[in-house]
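> Note that the protein sequences, when read in sequence, are chains S, X and U.
When the letters of the first sequence are read in order and numbered with the numbering used here, they come out as residues 1 to 239.
When the letters of the second sequence are read in order and numbered with the numbering used here, they come out as residues 1 to 501.
When the letters of the third sequence are read in order and numbered with the numbering used here, they come out as residues 1 to 363.
Worth flagging that the hints you see were computed from the coordinates, not collected in a lab.
Certain hints may be false.
What the hints assert, rightly or not - Here are the computed lysine-lysine pairs in the BS3-like style, where the Cα-Cα straight-line distance is at most 25 Å:
#1 X/Lys265 - X/Lys365
#2 X/Lys66 - X/Lys41
#3 X/Lys86 - S/Lys122
#4 X/Lys90 - X/Lys146
#5 U/Lys33 - U/Lys79
#6 S/Lys42 - S/Lys154
#7 S/Lys6 - U/Lys33
#8 X/Lys489 - X/Lys143
#9 X/Lys489 - X/Lys146
#10 S/Lys151 - S/Lys42
#11 U/Lys357 - S/Lys154
#12 X/Lys86 - X/Lys69
#13 X/Lys49 - X/Lys66
#14 U/Lys357 - S/Lys8
#15 X/Lys265 - S/Lys121
This is what each chain is made of:
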Amino acid sequence: MRIDAKGKLFDALNAEISEHNGELEIDNCLGQRFIAAGASAKQVVINGVPGNALGAYLAGATIEVNGNAQDAVGDTMNAGKIVVRGNVGDAVGYAMRGGAIYISGNAGYRAGIHMKEYREKKPVIVIGGRAGSFLGEYQAGGIIIVLGLHKDGKPILGNFPCAGMHGGKIFLRGDAQRVVFPRQTTRRAASPSDMYEISSYLAEFCDLFKINVREFSRDDFTVVVPNSSNPYKQMYVAN
Amino acid sequence: MAINYIYPEFDVIRDPNRCITCRICERECSNGVHIYDADRKTLRADETKCVDCQRCVATCPTRALKIVKNTCALRENENWHENSIKEIFKQASSGGVLLSSMGAPNPLAVYWERILLNASQVTNPSIDPLREPMETRVFLGRKPSKITRRPDGTLDTTLAPQLELETPIMFSAMSYGSISYNAHASLARAAQELGIFYNTGEGGLHEDFYQYGAHTIVQVASGRFGVHEDYLNAGAAIEIKMGQGAKPGIGGHLPGAKIVGDVSKTRMIPEGSDAISPAPHHDVYSIEDLRQLVFSLKEATRYQKPVIVKVAAVHNIAAIASGIARSGADIIAIDGYRGGTGAAPTRIRDNVGIPIELALASVDKRLRDEGIRNDVSLVVGGSVRNAADVVKAIALGADACYIATAALIALGCHLCRTCQTGRCNWGIATQRAELVKRLDPDEGRRRLVNLLTAWRYEIMEIMGGMGINSIETLRGNRSMLRGVNMTSKELEILGIAHAGE
Amino acid sequence: MQREGQVRIPSGCAISAMISTTGARMTGETIVKSMIPMHDRSNGLGGGFAGYGIYPEYREFYALHVFFDDPSAQYECEKYLKEGYEIVKSESIPIRKIPEITDVPIIWRYFVAPLASVLSRLQLDEHEFVARTVTKINSQFRGAYVFSSGKNMGAFKAVGFPEDVGRFYRLEEYAGYSWTAHGRYPTNTPGWWGGAHPFALLDYSVVHNGEISSYDANRRFIEMFGYRCTLQTDTEVIAYIADYLLRRQGLTLEELASVIAAPFWSELDASESVESSSRAYLRKVFPSLLLTGPFSIVLGFTGGVMALNDRLKLRSMVTASNRDVHYIASEEAAIRAMDPDARNVYSPAGGEPVIIKVEEGAY
Ligand code: SF4
Ligand code: SF4
Chain S
1 MRIDAKGKLF DALNAEISEH NGELEIDNCL GQRFIAAGAS AKQVVINGVP
51 GNALGAYLAG ATIEVNGNAQ DAVGDTMNAG KIVVRGNVGD AVGYAMRGGA
101 IYISGNAGYR AGIHMKEYRE KKPVIVIGGR AGSFLGEYQA GGIIIVLGLH
151 KDGKPILGNF PCAGMHGGKI FLRGDAQRVV FPRQTTRRAA SPSDMYEISS
201 YLAEFCDLFK INVREFSRDD FTVVVPNSSN PYKQMYVAN
Chain X
1 MAINYIYPEF DVIRDPNRCI TCRICERECS NGVHIYDADR KTLRADETKC
51 VDCQRCVATC PTRALKIVKN TCALRENENW HENSIKEIFK QASSGGVLLS
101 SMGAPNPLAV YWERILLNAS QVTNPSIDPL REPMETRVFL GRKPSKITRR
151 PDGTLDTTLA PQLELETPIM FSAMSYGSIS YNAHASLARA AQELGIFYNT
201 GEGGLHEDFY QYGAHTIVQV ASGRFGVHED YLNAGAAIEI KMGQGAKPGI
251 GGHLPGAKIV GDVSKTRMIP EGSDAISPAP HHDVYSIEDL RQLVFSLKEA
301 TRYQKPVIVK VAAVHNIAAI ASGIARSGAD IIAIDGYRGG TGAAPTRIRD
351 NVGIPIELAL ASVDKRLRDE GIRNDVSLVV GGSVRNAADV VKAIALGADA
401 CYIATAALIA LGCHLCRTCQ TGRCNWGIAT QRAELVKRLD PDEGRRRLVN
451 LLTAWRYEIM EIMGGMGINS IETLRGNRSM LRGVNMTSKE LEILGIAHAG
501 E
Chain U
1 MQREGQVRIP SGCAISAMIS TTGARMTGET IVKSMIPMHD RSNGLGGGFA
51 GYGIYPEYRE FYALHVFFDD PSAQYECEKY LKEGYEIVKS ESIPIRKIPE
101 ITDVPIIWRY FVAPLASVLS RLQLDEHEFV ARTVTKINSQ FRGAYVFSSG
151 KNMGAFKAVG FPEDVGRFYR LEEYAGYSWT AHGRYPTNTP GWWGGAHPFA
201 LLDYSVVHNG EISSYDANRR FIEMFGYRCT LQTDTEVIAY IADYLLRRQG
251 LTLEELASVI AAPFWSELDA SESVESSSRA YLRKVFPSLL LTGPFSIVLG
301 FTGGVMALND RLKLRSMVTA SNRDVHYIAS EEAAIRAMDP DARNVYSPAG
351 GEPVIIKVEE GAY
């Protein structure tokens, strides 16, 4: 099923999308918001630039964007997969609890902020290029991988990564020596078991974007984890 | 060097002639105040731990106990109050941020108490509510600004989704985690019986309570705990929590110690991990982003649920409410300065925000000035303590009130203001199984139903006295209100005349 | 009810801009298109545009665009203008009557030059004189409001959705080398045209998205220098700050950016470069001009535009280009609406100014 989004407002477009399960291809997408919000049973391919909050509360559907995506991709997403062949804007995967987001290019500010995991639900974001400031702020679970394949010479991360992080893991390709992490986190070289943990995500990333998986050798990665799941314990006194 | 000691705030007085050494108080006090002295076969008390929750007093079979304010006091000082000094002691020894719970206790203006109600005399009749019809039903939700007709000339009666209330009172948000399973069960069952709504708060919805979905408002806060497809669709409405009256501008923080068992499961985070709600929603940094969040929720639930946006009453509340009204929200909930909390930094609780009465009056006026008051419904909370407060709120312009502290008091809360410790002796603000079971959810339901039934009669009685037999005609009917003990500025903001005028 | 200026009205927004570095003149049609995919960022209570290079035949004259509530307000204002200016042309701004735009005031434009005799008597340079005239009319003349006052540029704004405002003003009939646009989402509606954006003073125009939390600290500082924030909007105070720092203090655009979106001390402390020390210096000298809270702005000026995000980047902004034409917008979709083939899509970091200038002599 193909849908021409040209000139359509977001509510009309989304009503059409929600009526059809199975495979959908949307052409001429231009800024329409909330595409496939809360969707479970469908595969959506988008040609063009989808608007903000793409795949919010996603509950199992698959979304593929041929182009860049804007802000708040996969907001509070619960399950499913979003693939962006391009860059994403700010706050990708905010409060995400499950599923995976693969981005071939860069992510804006606040990627993976307040991502959390629970039991079998473990959200994953793989960013091919670089990530903006505040990566993984308040991160409570899940995995964020930043591969730094960008070519513009800018640093792999912006400022203030992992502030308030109290769960989950961040993987950065390279030694990330120049990045300053907050005190309540620990940075170390990735161990073989760390690498095993992300091997399937790396494989999928390479498969999706046609990259040779051998480009990523194991000692290339840095892992950042929180020291405590109770970062603010000492801060309070009862009154 | 200072000695790190603060004299206990309360004295535990035990009448030895009445005490039969049954040791019930010892079992009842989770703070470990009462200690049995096996040698002397008597009970002793460690007052340093007492929070004056009155549990021991209430359960002592011989009425042998009394908790009184300790008379041992620092030298009186009208500037350096005893509390100010003790707070410095606490911070100097710990280096911590002061943490409190429940609403601000300081004596800041309670405007409800300075507003008096009207009644009919001679010129129009009052109504006897027991024998004549008296309507208290309200519908909360967006109303169309223009009537449309179908091609056949009949009215197009499709309406945006509404919440129907038999009494204009709802239980406001308290999360599972900050209060107990049994407290939630009591609220849910009472809401169902009363035909009103309770609110999950930001901690998700326990699977046992999905059955009360038709009487549940599910909340989406910045931490997005327990938010998923089924949750959003489970309730009758979705509330976006932007702020809370007790701590405007501050996020939430449920310590890992309270994230146990079902709480962890319901929030969908691991046991023992802190549940941190960021101060803002990180997808809402501006008013047009709020529109985005409102519509993303509407899209995800296919426009079947009204969306409530809850904000704290702050200085610019009128403009903020106007923005919310234009963001697609169906209902605006405003939480005032005196609103309760399970835990908030003391300084924030006691110094940030404005009283709900003033916020409500100016929001209602602004929305009317702009001609959009009918587009949205207005729900207010933040220390609505009785039926008269409800009537005054509605006459100032609210559609309905949110209550929480009052509901907890009905469940047994004695306002000891130590919810943050998680050792609530009344089984409310705790997750300890042995304490939780002290609150029987069916008894809790009964008491909540009693409370609101009584309030409803009182509301009807007051309305009848005014000659009003339908709650809609009370809404915004400010001529039913007069002020006393107020400056002309206060009267101007409230939009009411002084008594005698 | 109080209107904008008597009460502070926070608002959110959509912004966009386009500029040709070779000075090629483009009609206003394209910039209007950019607002369509961002419709939901506005709420119909204000939209506007600024075009540069649109009045080449009057390039030596200040173009004053003015709203009047009634003919008597216009009469009073013209009387005052004639005391200090030669008015070379006076005409109503052409509009297209459309149902979406209502309550239309009198919309007039004047091409004026300050009288040399008046300037020498007051010992003022002409920019300062014009700025004072605008401040005086807007704060003291009832029913008159100057909403554009630069040379070879003009702002066009109204209450309505921006795409309708563009049609209303027939922007397709103008051609300029740069354009900025704004769709407004105010938190209430005094329904007053002067409250729409862009906000312009002399040849500076500002379109802005966000609500700064530092507003009153900034306002009370800038008002020390003769500005009057009659609208109480963020945009207005930002325009005055730009005028003050660029024109009166002679800072560069980069330095302006470094004042209003100052780097964090932790960032400055970590570097010992000359640049860092001059940025630290500016932060110490102008602490009251730091803007905090979310904003993304596009500042238009003769021969260029500057786009800037707040230092935490709390608002979104994207840039792109295609040959000589550069684009800026709140959302990439807006850029694609202007030019589906735009390349080099880039999200500037917080506090990182994007400055695009037309080649010298080409405007
Ligand atoms: S804490 Fe409560 S139960 Fe314990 S002694 Fe004090 S009043 Fe009694
Ligand atoms: S809920 Fe419990 S702990 Fe909190 S104030 Fe009431 S009695 Fe005290």
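> Which hint numbers does the structure go against, in order from smallest to largest?
Numbers 1, 3, 4, 5, 6, 8, 9, 10 and 14 - these are the hints that the structure violates, sorted from lowest upward.
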